[in-house]
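In case you want the letters, here they are:
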Amino acid sequence: MGKNIIEKVWEQHVVHREAGKPDLLYIDLHLIHEVTSPQAFEGLRLAGRKVRRTDLCFATMDHNVPTKNLPTINDPIAKKQIMTLAENAVEFGIELADIGHPDQGIVHVIGPELGLTQPGKTIVCGDSHTATHGAFGAIAFGIGTSEVEHVLSTQTLWQIKPPTMEIRVNGDLGIGVTAKDIILAIIAKWGIGIGTGHIVEYTGEAIRKLSMEERMTICNMSIEAGAKAGLISPDETTVEFLRGRRHVPQGEQFEEAAKYWLSLASDTDATYDVMLEIDAANIEPIVTWGTNPAMGVGVSKTVPTAADYDNEADKSALDKALEYMDLQAGQKITDIEIQHVFIGSCTNSRITDLRAAAEIVEGHTIAAGVTGIVVPGSWSTKAQAEKEGLHTIFLEAGFEWRESGCSACLGMNEDVIPSGERCASTSNRNFEGRQGAGARTHLVSPEMAAAAAIHGRFVDVRQLQKQEA
Amino acid sequence: MEPINIVNSVYAPLDRKNVDTDQIISKEFLKRIERTGFGQFVFYHWRFDKEGNPVEDFVLNKPQYNGAEILVAQDNFGCGSSREHAPWAILDYGFRVVIAPSFADIFYNNCFKNGILPIKLTEAECDELLEKGLAKAQAIEVNLKAQTVTTGYGQTYAFPIDPYYKEMLLNGWDEISLTIKYEDQIAAYEKSRIAY
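From first to last, the protein sequence lines are chains A and B.
My numbering numbers the first residue of the first sequence as 1 and each following residue consecutively.
My numbering numbers the first residue of the second sequence as 1 and each following residue consecutively.
Just so you know, the hints here were simulated from the structure itself, not pulled from any lab data.
Below, simulated BS3-like cross-link-like pairs (lysine-lysine); rule was C-alpha separation at most 25 Å, straight line:
{"id": "1", "chain 1": "A", "residue 1": "Lys21", "chain 2": "B", "residue 2": "Lys181"}
{"id": "2", "chain 1": "A", "residue 1": "Lys21", "chain 2": "B", "residue 2": "Lys166"}
{"id": "3", "chain 1": "B", "residue 1": "Lys145", "chain 2": "A", "residue 2": "Lys21"}
{"id": "4", "chain 1": "A", "residue 1": "Lys50", "chain 2": "B", "residue 2": "Lys191"}
{"id": "5", "chain 1": "B", "residue 1": "Lys50", "chain 2": "A", "residue 2": "Lys320"}
{"id": "6", "chain 1": "A", "residue 1": "Lys259", "chain 2": "B", "residue 2": "Lys191"}
{"id": "7", "chain 1": "B", "residue 1": "Lys181", "chain 2": "A", "residue 2": "Lys50"}
{"id": "8", "chain 1": "B", "residue 1": "Lys50", "chain 2": "B", "residue 2": "Lys62"}
{"id": "9", "chain 1": "A", "residue 1": "Lys21", "chain 2": "B", "residue 2": "Lys120"}
{"id": "10", "chain 1": "B", "residue 1": "Lys136", "chain 2": "A", "residue 2": "Lys320"}
{"id": "11", "chain 1": "A", "residue 1": "Lys315", "chain 2": "B", "residue 2": "Lys132"}
{"id": "12", "chain 1": "A", "residue 1": "Lys161", "chain 2": "B", "residue 2": "Lys120"}
{"id": "13", "chain 1": "B", "residue 1": "Lys181", "chain 2": "A", "residue 2": "Lys161"}
{"id": "14", "chain 1": "A", "residue 1": "Lys301", "chain 2": "A", "residue 2": "Lys189"}
{"id": "15", "chain 1": "B", "residue 1": "Lys62", "chain 2": "A", "residue 2": "Lys320"}
{"id": "16", "chain 1": "A", "residue 1": "Lys21", "chain 2": "B", "residue 2": "Lys191"}
{"id": "17", "chain 1": "B", "residue 1": "Lys132", "chain 2": "B", "residue 2": "Lys62"}
{"id": "18", "chain 1": "B", "residue 1": "Lys191", "chain 2": "A", "residue 2": "Lys161"}
{"id": "19", "chain 1": "B", "residue 1": "Lys132", "chain 2": "A", "residue 2": "Lys320"}
{"id": "20", "chain 1": "A", "residue 1": "Lys301", "chain 2": "A", "residue 2": "Lys315"}
{"id": "21", "chain 1": "B", "residue 1": "Lys120", "chain 2": "A", "residue 2": "Lys315"}
{"id": "22", "chain 1": "B", "residue 1": "Lys191", "chain 2": "A", "residue 2": "Lys8"}
{"id": "23", "chain 1": "A", "residue 1": "Lys8", "chain 2": "A", "residue 2": "Lys21"}
{"id": "24", "chain 1": "B", "residue 1": "Lys166", "chain 2": "A", "residue 2": "Lys161"}
{"id": "25", "chain 1": "A", "residue 1": "Lys301", "chain 2": "A", "residue 2": "Lys332"}
When you get a sec, could you build the whole thing from the sequences and use the hints?
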């Protein structure tokens, strides 16, 4: 019987296995940012411990960093947290892409850009969106700060081997439907707990046809389905994305690495503990209407009503969500007006996302009363976008063009959505208060966010594209 | 880490599912560089209104649940962000035990590193605890060694827990010092690992 990639990569990283204990798993890459690391470094200092493999660590600042008027940081507590990472990186000997460094950016954007992210690796970071790196066929998952300290000190983690799940996306996506809509549709269909305790492999025709950036968008939101990690078997698309990047082998050694990477792909007769299937052709652009990522529907639909749910707990969750979001049951999605548009985050801030949004925006201006910001995922993404003139398209349309960082995805810096206002956001979470206390978040693709900016309300990007064709 | 075995306390019934870590500890409180002092901010936007006044009908603001060391909630507790600030805040506020039908993975893991016992009971058992606890504040006894929760209304519920994590909590062990004992194996692994 064949093996799936999850089993192959996991088994290769077991340092120690004994009955009654989790596996002791080796970690190949540890990504570090300013918010979840200070207490871990402090723990090492207090115990007199060192970082075991500084060469397998890479740090950057992203959550707190301002996206305008750099290098000034107005918030003194944020500044202290950022300075603390810089000091810890020096003290413990870890490579850091500091603010202003050409490699700086959202940790899940720069890992792949620099070629640090590779198939077959185990990758961790004190951030739940670490599954992004799974797009390359790595087992990548988010950890807490105690585990950050454990990896710094031992380069290992105790982990119970999770069951596996296949989510197969059959067929072809329609025009105007994106990777973001695939993952939002998966979560809307099966709920935010469907993946809990599992590592998911995304398979199927629709997945194979996606670019690496699109695959990252899907794997990124695995945690929104509750999964420990999500990944995609490597193929030629993976290999070509990595070729020539700074941290991958070069020349003949690259071909050797590529051969090894491709061998990790799931065998054709591989099985999984759970198998789910969805048809790409049935997916339409999704807009979330509620306060968790499963509360989403197709743009042509309406906000659900109590009649759509069987049990009392779900009806009560619907009421609470509609009250927070200030929406009416049964309201048309395309009647929802927005005041803010955020294009950015580790889900959708890569060059292809910016190109897709710019294509919708080009030649238009954003609606009166709407504020739009575009926050590229990294300095390198920003430079590329500027080389292509994308920034001019956004600026001429009335968007603000910012420096890279996590920004309004979680509003730890000054990029906060005001209370009671509504944001079409390309980020990953629509929890209460996520983008600011009282702020109302609607998760969408970059194309849908761009279209909402122009019209001041949600529009079906497929209709838009038809009109212009 | 403080060992944990028996906790006998009133429990706070938080009748919600999918309680995410953004609600447990909001992003504006994540900038501290210490592990302590987060308790004052736990469930901040549910506990306090926009003016900073306590929201009277939120469970933690009701006097009958004062001093509760046990929190009971619905499905998928601790979903979302990996922030360990969430268990730090829960512990710092005074909770040692969280009971729910299911937990999100990272939050569940984080509990064991901080001396918090996360207990999975069935949905029916949690519903009963929530219903009785909302009607009238009452104490229950959690016994980790025996893996039981004993209610004041004559029920004893058994709960599952991984034996490794159980030992960690009972002994208050620091995981890193345990792992360091495997140094030879880690070093041997490093010599043979595939790395590009």
